[in-house]
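**Student:** Take a look at the letters that make up each chain.
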Amino acid sequence: MSDKVYQAVPSTPGTETYWDAAKEGKLMVQFCKDCKKPHHYPRGVCPHCMSTNLEWKQAKGTGEIYTYSIMHAAKPAYVIAYVTLDEGLSMMTNIVDCDAAKVKVGQKVKVVFKPTDNGGKLPCFTVV
Amino acid sequence: MSLKGQAYIVGAYEHPTRKAPDKSLAQLHAEVAKGALEDAGLTKNDVDGYFCAAGDTPGLGGLSIVEYMGLKLKHYDTTDTGGSSYNVHVGHAVQAIATGRCNVALVTLAGRPRSEGQATGTAPRMGNPQQPDLQFEFPYGPATANMYAMCARRHMHQYGTTSEQLAWVKVAASHHAQYNPHAMLQKVVTVEEVVNSPMVADPLHRLDCCVISDGGGALVITKPEIAKKLKRPLVKVIGVGEANKIQGGGVGLDLTYSAGLESGKRAFEMAGIKPSDIKYASIYDSFTITVIMQLEDLGFCKKGEGGKFVSDGNLISGVGKLPFNTDGGGLCNNHPGNRGGMTKVIEAVRQARGEAHPKVQVKDHGLVLAHGTGGSLGTRHVGSTVILERE
Ligand SMILES: [Zn+2]
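Chains as they are written, first to last, in my numbering: chain A, -2 to 125; chain B, 21 to 411.
Think of the hints as simulated: they come from the structure by calculation, not from any bench.
It is possible that part of the hints are untrue.
Said to hold, decoys possible - Pairs of lysine to aspartate or glutamate, DMTMM-like flavour, derived with a Cα cap of 25 Å:
(1) A/K20 to B/D153
(2) A/K111 to B/D153
(3) A/K34 to B/D153
(4) B/K92 to B/D59
(5) A/K107 to B/D153
(6) A/K57 to B/D153
(7) B/K43 to B/D100
(8) A/K99 to B/D274
(9) A/K23 to A/E52
(10) A/K118 to B/D153
(11) A/K107 to B/D274
(12) A/K1 to B/D153
(13) B/K24 to B/D384
(14) A/K57 to B/D274
(15) A/K99 to B/E184
(16) A/K101 to B/E184
(17) A/K30 to B/D153
(18) A/K101 to B/E325
(19) A/K33 to B/D153
(20) A/K72 to B/E136
(21) A/K111 to A/E21
(22) B/K207 to B/D332
(23) B/K341 to B/E184
(24) B/K249 to B/E375
The structure presented is a predicted model; accordingly, all values stated were derived computationally and were not measured.
Make a model of the complete structure from these sequences and hints.
**Tutor:** The following block contains the structure:
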């Protein structure tokens, strides 16, 4: 288990819901009530149809690794990745709490929450 | 109105420095401007259009740099798309000239990341928190190298591309750089040396990454009537195209292709030629994977076959079918200000003129291409393609 505390970027008006939920161990995804599609990152307007008629839903928190890279240039090294959620959308994240050498494309993962330096939590993923 | 053939690149200059602790950024801009104008046989007072990227010209847009150089302008464009800005500027300058907004366009780039000690590719850069993606990306440590590494990893997974194939891109660049006395890395390297160099961001090794250099470059673009009175070989712009690529809200994420897919198509359509007509290509080479993906997207080979295409020296001048980056490229020669589009256009102009180093000059240089990517292939970027014809 890594005890890394992540450097947070302040939320902006409209994204508090995502970060408040993360603090409680929930991964939220925005859906458009008009075109029904999800999107990530969260925002005030649907990037598919420009509707502002949006709703938040809690994601299952499971998915698979689309791609990843082990950042050897950093000490300690970390694993950055895109994970495709079961809801059908992909998000940038870190793969944590597992042997980096065993991470693979297509690997099933689940969300875990890691502390940030502003007292919040950051959604990361670990192998199932 | 088609922009085909409406303007010529008459001046091109690459600053010889690769480390400039003794020169200010503004001085570098001015020196490359002077170099390109002298190359064209024009003066500062002929310039009535100026193009730069807002991000490498401190001050409001390019206003301060314009004043530093003492330019009096009719047209002014500070579009910043990162490394591809200068390919974009060529297209914008042709458009401005064709519509009578200006007659002589000057484009400049300068940067000094090496003197300023930037950990360009390996340290995530914190931006303005109002950048809407930042809070959802920056905490995860997206540096330049690991974002391109994720493209490489997916390309390998989907198409079977190998580290050895990536290495061939660097090997070809190094073969060219040995003839460039200004190149940062002039030593010829082997596939083994590339794949055995330290891992930076798996699967990219140190030698899969471009250099970090100070310096810059400039271009002068003008209308046919003026170009034909100058004493330089005539290099006509016959195709330009730009396109952006976004993540689409994370739905259908596909990191195996770039905006070059569309920008290339637009440029080839305007030029009325096909990829197989091109005998020299400057291809943005921030990393070896960048080249493979863009070669596929531009149509030089099928999607997924870029690794095979670059193997066995196919990009080496005098050896392979498509000589690329004969100055050594960003991988070996120069990547001034972390913005490689300018040097891509400059080497394409040298090739079209027949003024590349004799050891790397292609014989059939009637049609050449310069393609750039700015931003990140791993997130969002702009691709821009320029096709030139030697008249
Ligand atoms: Zn919608």
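**Student:** Decide, hint by hint, whether the structure agrees.
**Tutor:** Each hint tested on the structure:
1. Pair hint A/K20 plus B/D153 holds up; C-alpha atoms about 19 Å apart against a cutoff of 25 Å.
2. Between A/K111 and B/D153 the CA atoms are separated by roughly 19 Å; this keeps the pair inside 25 Å, and the hint holds.
3. The suggested pairing of A/K34 with B/D153 holds, with an alpha-carbon distance near 19 Å, which does not exceed 25 Å.
4. Note on B/K92 and B/D59: the hinted pairing holds, with a Cα-Cα distance of about 21 Å set against a maximum of 25 Å.
5. Taking the CA atoms of A/K107 and B/D153, the gap is about 22 Å. The hint holds against a cut of 25 Å.
6. For the hint linking A/K57 to B/D153, the alpha-carbon distance of about 22 Å falls within 25 Å, and the restraint holds.
7. At roughly 23 Å between alpha-carbon atoms, B/K43 and B/D100 fall within 25 Å of each other, so this suggested pair holds.
8. For the hint linking A/K99 to B/D274, the alpha-carbon distance of about 23 Å falls within 25 Å, and the restraint holds.
9. At roughly 15 Å between alpha-carbon atoms, A/K23 and A/E52 fall within 25 Å of each other, so this suggested pair holds.
10. The hinted pair formed by A/K118 and B/D153 meets the criterion: a straight-line CA distance of about 17 Å does not exceed 25 Å.
11. Distance check on the hinted pair: A/K107 and B/D274 sit about 21 Å apart at the alpha-carbon level, within 25 Å; holds.
12. Proposed proximity of A/K1 and B/D153 is supported: the alpha carbons are some 22 Å apart, at most 25 Å.
13. A threshold of 25 Å between alpha carbons decides the hint, and for B/K24 with B/D384 the separation of about 21 Å falls inside it, so the pair holds.
14. Restraint check for A/K57 and B/D274: the C-alpha separation of about 22 Å stays at or below 25 Å, so the hint holds.
15. The suggested pairing of A/K99 with B/E184 holds, with an alpha-carbon distance near 22 Å, which does not exceed 25 Å.
16. Annotation: proposed proximity of A/K101 to B/E184 holds, straight-line Cα distance about 20 Å (limit 25 Å).
17. For the suggested pair A/K30 and B/D153, the alpha carbons sit about 22 Å apart, so the restraint of at most 25 Å is met.
18. With a C-alpha separation of about 22 Å, the suggested pairing of A/K101 with B/E325 holds against the 25 Å cut-off.
19. For the given pair, A/K33 sits about 22 Å from B/D153 by alpha-carbon distance, which is consistent with the 25 Å threshold.
20. Straight-line distance between C-alpha atoms of A/K72 and B/E136 comes to about 22 Å, which keeps the hinted pair within the 25 Å bound.
21. The suggested pairing of A/K111 with A/E21 holds, with an alpha-carbon distance near 11 Å, which does not exceed 25 Å.
22. Taking the CA atoms of B/K207 and B/D332, the gap is about 18 Å. The hint holds against a cut of 25 Å.
23. Taking the CA atoms of B/K341 and B/E184, the gap is about 19 Å. The hint holds against a cut of 25 Å.
24. For the suggested pair B/K249 and B/E375, the alpha carbons sit about 20 Å apart, so the restraint of at most 25 Å is met.
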